[in-house]
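In terms of full-length UniProt numbering, the sequence shown is residues 1 to 335.
In case anyone wonders, no lab produced these hints; they're calculated from the structure. Each statement offered as a hint is correct.
With a Cα cut of at most 30 Å, we get these calculated DSS-like pairs of lysine-lysine: (1) Lys323 <-> Lys334; (2) Lys224 <-> Lys135; (3) Lys133 <-> Lys224.
Derived DEER-like restraints, expressed as beta-carbon distance ranges: (4) Leu331 <-> Glu202: 52 to 60 Å; (5) Ala84 <-> Thr182: 41 to 49 Å; (6) Leu331 <-> Ser141: 54 to 62 Å.
All values reported here derive from a predicted model rather than from experimental measurement. Beta carbons are placed, not taken as given, at the ideal position from N, Cα and C, and that holds for glycine.
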Amino acid sequence: MITRLTTGEAASEKQHLKRTSIKSARGRRAVRHQGDPCTCQLLPLTHTEALQEIRKAEEPLLENILLPTELLQEVQQHIQELLAQRQPFSLFVLHVVQVERRSTYDATTHKHVFRPPHCSHPAPGFMSQLEDKIKAVLRGSDQLCTHGEGSALLFLPGVGSGGAYNILERIYAQVDLLEAETIIPPLRHETHIIIGYASFPEQQETYEGFLQQLGRCERRVTLKPRMLLPISATYSRHSNLYHQPPAYEAAMPSSVPFMHLPTCLPRRLTRLIPHSVACTLRCVPVGREQQALTIALADPSDQESLDYLAQLTHMTIFPVACKHEELDILLATKW
1 MITRLTTGEA ASEKQHLKRT SIKSARGRRA VRHQGDPCTC QLLPLTHTEA
51 LQEIRKAEEP LLENILLPTE LLQEVQQHIQ ELLAQRQPFS LFVLHVVQVE
101 RRSTYDATTH KHVFRPPHCS HPAPGFMSQL EDKIKAVLRG SDQLCTHGEG
151 SALLFLPGVG SGGAYNILER IYAQVDLLEA ETIIPPLRHE THIIIGYASF
201 PEQQETYEGF LQQLGRCERR VTLKPRMLLP ISATYSRHSN LYHQPPAYEA
251 AMPSSVPFMH LPTCLPRRLT RLIPHSVACT LRCVPVGREQ QALTIALADP
301 SDQESLDYLA QLTHMTIFPV ACKHEELDIL LATKW
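Use the sequences and the hints to build the structure in full.
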């Protein structure tokens, strides 16, 4: 039996299907732009329990090379075969990891409690863009292959340690040209590209020594999104330091809170920013939680100053507005 819908019911059903399709498309985009969790192993292979303990630390593994288990086993076998041939060669490995620093708001202490960071690989398409940068400095005989969205291998036949070091510097210079906003899709989290290499026979002649050398971080490029994370509404709602006076609402974005400045600043904060820089940018550091630094600025919408402070401190910057008179009083005293 076929049930016929009235005009109103048909229109309602059509709207329902449209909303469902939009939600489905958004879900597909979210999955497409979300990278897989990083479950790579240390090079050389570390005991699983020991690696799990390291992953629970506050800071991610950024000083060593990690590779997927299947690729790590393949690399180890390939190195043994190359060493047996006794011919000069160099091998590069790259590991790409995104670090999402997470926190939860503690309503009792009115503070954000930082949890161990979540490490993942970039969204599909990142490695192909990275590969284009690296190939710009390679020879025709060099072999570059990527594995998933987090690992890459570069084999340089006949290249010793001296030539490998020069290539390392050229690769580093090319990769350093990448920007989080120009990647497609744009990076949303702090992303690290870790590069390691080893050469035979000048550097290491044994299998164990070669593997140990290969697992070290020789160069690291960090890509940080310029769009800074706004202070959450929960934080500004519960904290008695942050509010939005009517005089500032028209002049500033609603995501930038206002803060009354203290009469003096602790040394642990002032040492992060030189006084000369603070005077030039008209800013003062007023709070820190792990890798997040709260800074009061005369112009919190000055993106160029925010970018400079992020590069200077290597921290995520949370801008807040303040009274210019209170800012001048703090800047009048040199630290």
